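Colleague: The listed protein sequences correspond, in order, to chains A and B. The numbering of the first sequence is the working numbering, which starts it at 1 and goes up by one. The numbering of the second sequence is the working numbering, which starts it at 1 and goes up by one.
Some hints here could point you the wrong way.
Distance condition first, Cα-Cα at most 30 Å in a straight line; then the derived BS3-like pairs of lysine-lysine [unchecked claim]:
| # | chain 1 | residue 1 | chain 2 | residue 2 |
| --- | --- | --- | --- | --- |
| 1 | B | Lys138 | A | Lys69 |
| 2 | B | Lys66 | B | Lys91 |
| 3 | A | Lys69 | B | Lys21 |
| 4 | A | Lys114 | B | Lys78 |
| 5 | B | Lys95 | A | Lys69 |
| 6 | A | Lys69 | B | Lys91 |
| 7 | B | Lys47 | A | Lys82 |
| 8 | B | Lys66 | A | Lys114 |
| 9 | B | Lys123 | B | Lys138 |
| 10 | B | Lys32 | A | Lys114 |
| 11 | A | Lys92 | A | Lys153 |
| 12 | A | Lys69 | B | Lys96 |
| 13 | A | Lys91 | B | Lys123 |
| 14 | A | Lys91 | B | Lys91 |
| 15 | A | Lys82 | B | Lys32 |
| 16 | B | Lys91 | A | Lys82 |
| 17 | B | Lys91 | A | Lys92 |
| 18 | B | Lys123 | A | Lys69 |
| 19 | B | Lys78 | B | Lys47 |
| 20 | A | Lys91 | B | Lys95 |
| 21 | A | Lys103 | B | Lys123 |
| 22 | A | Lys82 | B | Lys123 |
Source of the hints: derived by calculation from the structure; they are not laboratory data. Bear in mind that the values here come from a model prediction, so they are computed numbers and not experimental data.
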Amino acid sequence: MGPGKSVNMLPLYRAFLSIKIIVMKNIVITCLIIVVCTFQGQAQFSKATIQASGLTCAMCSRAIDNSLKQLSFVETVQPDIKNSAFTVLFKKNETADIDALRKAVEDAGFFVAKFTITGQFNNVAIKNDEHIAIDGREYHFLHVQDQVLNGEKSLLVVDKSFVTTAAFKKYTAATNMQCIQTGKAGGCCEKAGLSAGTRIYHVTI
Amino acid sequence: MKYLLFASFLLIAVVASAQPKIGTLSPEITLKNLDGKDISLSSLKGKVVLIDFWASWCGPCRKSMKHLSAIYPALKAKGFEIYGISIDENKDDWKKAVAADKISWLQVNENGGWNAPVANLWKIDQIPTSYLLDKQGKIVARDLEGRQLEAKINQLLKD
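Bound-form chain A, shown alone (with noise of 0.2 Å):
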């Protein structure tokens, strides 16, 4: 599958080699960076699959390519005639910017009706119904099993505007923040260190 696959193995590399250079420093430290890096989690994504709807055919549309075509973290976008969806392959070493895909769809006349987001994980572990962030954003994971993600996974995203109003509903019920109704965290994460305000993407795999 074209460019966006390949894997930036480089950083996660060098951030191993570091750790084991403080190894030798001081151990206290070395178990203080390793539980953080544990729970932050590294992790790249490459590509996410859209499948947009509304009156008429996304994929028949100019609109909606052009309009994902001008993000700037956005290499190539392929329709997918299977599964009636986009695939957005991301520039290397770009963050990608989940809501800017959304709003690309949205300026295009169309909606989200389905999104996920594929990337390289490297040991990062996931709770149920748990804040973690991956590749400097946060994300809520809901109906999973407790797990450490390795090698190439697909999230889908169930915030409000990325799925049907069904789904989302699902959704909604699995957990008791309030955060999945906005996608922002709320007062009640500030103790977390999140500060109120901050987008939490809600996935699922």
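Here the structure of chain A is known, so what remains is to put chain B in place on it, guided by the hints.
Modeller: Then chain B, alone, in the frame of chain A:
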């Protein structure tokens, strides 16, 4: 820099105004067919021609081609031809779709998607988009479907 800007504005203006309109002669199109051979629209002069913009990943296009497949043989015998332009960026996808749908009319591909020169010139904002040309190469109608299309083709064939 100023001149460059001016020149590009001029170019945009020329391209924009050159968009083919109903009632005018169609501009020439030359694109490559499945065998890599150039096929010119002008080589079809004397025939009633349907220019059909499509792509393998466009569901509605594939559906409309099913209808075309049904009416094509009888009309071709009377002097009708279809000039199908696929805007697929992946040539293999195009070839597979032509084979899968058993398309027997002229097929050319303009690699480059929506922003390729011909699709741009014809201001293709969505597909399928089709233009019907009379025997002289004049654009007669756009996006006719079903019975309306068949009736118009038959009428033009009699002219």
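Colleague: Which earlier hints can't be squared with this structure?
Modeller: Hints 1, 4, 7 and 10 are the ones this structure does not satisfy, whereas the remaining hints hold.
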